[in-house]
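2 protein chains.
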Amino acid sequence: MNIGKLYGIGVGPGDPELLTLKAYKTLREVDMIVAPSSREGKRSLALLTVERIIKERENELIVVEPVFPMTKDQAKLDFYWEKAREEVLEKGKGCESVAFITLGDPSLYSTFYKFLDFFKDEVEEVEIIPGVTSLSACSALAKVPIAEGNEIVSIIPDIKGNDNALRVIQNSDSLIFLKPKNIDEIKNMLANKKAILGVKIGFEDQEMVLGKLTELKQPTHYLSTLIVKKEEKEK
Amino acid sequence: MNIGKLYGIGVGPGDPELLTLKAYKTLREVDMIVAPSSREGKRSLALLTVERIIKERENELIVVEPVFPMTKDQAKLDFYWEKAREEVLEKGKGCESVAFITLGDPSLYSTFYKFLDFFKDEVEEVEIIPGVTSLSACSALAKVPIAEGNEIVSIIPDIKGNDNALRVIQNSDSLIFLKPKNIDEIKNMLANKKAILGVKIGFEDQEMVLGKLTELKQPTHYLSTLIVKKEEKEK
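Here the protein sequences line up with chains Z and C, keeping their order. With the working numbering applied, the first sequence has no gaps in its numbers, which climb one by one up to 1134 at the end. With the working numbering applied, the second sequence has no gaps in its numbers, which climb one by one up to 1134 at the end.
Be aware that a few hints might be false.
Each pair may be met inside one copy or between any two copies, as identical chains are not told apart.
Heads up, simulated DMTMM-like pairs for lysine to aspartate or glutamate below, C-alpha to C-alpha not over 25 Å straight-line [unchecked claim]:
#, residue 1, residue 2
1, K1099, E1026
2, K1129, D1016
3, K1078, E1130
4, K941, E986
5, K1129, D1062
6, K1093, D1057
7, K904, E1106
8, K1019, E995
9, K1042, E1026
10, K1093, E964
Think of the hints as simulated: they come from the structure by calculation, not from any bench. The structure presented is a predicted model; accordingly, all values stated were derived computationally and were not measured.
Sequences and hints are given; from them, build the entire structure.
Right under this line is the structure:
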């Protein structure tokens, strides 16, 4: 039993127009799409991004939305991954091509590589199609570059309990905090630096605030990106 | 005299199929395309990426390829930027929309923001369309993620003369070196770590080497990306 060719596809930040031509064409051809959902009953945001393609192929495409909860509880994780395995292998029986879709790009903090590792014995061939990250989309919307010249950029997924984070923050020119859970801690370190906070960038209800870090409020949605720039370029 | 609406478009790493739908549609509609070239007589690589669109619109599209040399010589830079201004404003007379195209994405080390700043008095409206970075493409080709979990990623454009770079290297989990000029210096610091070296990724003559950092040779083309991962994930 296997799932043939597995594509790992970055569908971009949420705007269907930011899909690449390659992702678009591939999603119109695969037999099955696997779209990760973060909790039961919640629609996969990656799936929402490619909704138009799904609708156009309604009767010929298999779509599964396994839940991969954001938790460190190993028993819970094991339960959901096993459930995903059953669902994918059962519904994917006879499929020659399966696409695992991920918001943004597979290279950065995506569930895709865990999926690939988990299913590696069932997969004959793998191809990864990169996508536009939410970082690029956030910068584009703000019309502020993340980095120019020789600036060092660092991406910090979680400052909590990470001693290295502080030293990286001290020595980088541009900082990107993903899903920042405690913006006050970041404010304490970077005070009145120029900052861009993007929430659900790429989606219809996106929000973007550009200002001093001290003025920003804690984002409520987990799909948020905070870009902090240490130095204002002289014009 | 002005150039109407200016688009800053990331055309992705070089593979025409990695253009976004939005970039593709926009490039089929604009009146003029500005494609930066790195030296006189050298074809713009961003332009090569969208060659198909250019050919299809041969008789209706204005294309300019100003030279923006990679130099710190201010007199030389001033000369070429002034030349670019003349060319863009002369050929762009009456154009309602102009697209400045950039390889990868405008947010990271692109000439686009310098261009925007230089032409800001001539521009009525600006829209930026993000693209796929060469980093994402390099990781996709190698089938190795840049970062997972809580890993800190840092992008270092040039280690030379940058004291902060060393401390960032020491405290990050994944490192990305752009256009690495002295790979031996990086080897001295990161020795036998897992590394991916991509040269001209996205182009037909792309090269990708995956192995230990110590085994890699100095890339000869400036369009190269080195990803070094400190820790091998346990499987």
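For each hint, the structure was consulted:
no.: 1; hint: K1099 <-> E1026; in the structure: between (27 Å within a copy, 19 Å between copies)
no.: 2; hint: K1129 <-> D1016; in the structure: between (38 Å within a copy, 20 Å between copies)
no.: 3; hint: K1078 <-> E1130; in the structure: both (23 Å within a copy, 23 Å between copies)
no.: 4; hint: K941 <-> E986; in the structure: within (17 Å within a copy, 53 Å between copies)
no.: 5; hint: K1129 <-> D1062; in the structure: both (20 Å within a copy, 16 Å between copies)
no.: 6; hint: K1093 <-> D1057; in the structure: both (20 Å within a copy, 23 Å between copies)
no.: 7; hint: K904 <-> E1106; in the structure: between (37 Å within a copy, 23 Å between copies)
no.: 8; hint: K1019 <-> E995; in the structure: within (15 Å within a copy, 51 Å between copies)
no.: 9; hint: K1042 <-> E1026; in the structure: between (33 Å within a copy, 8 Å between copies)
no.: 10; hint: K1093 <-> E964; in the structure: neither (39 Å within a copy, 33 Å between copies)
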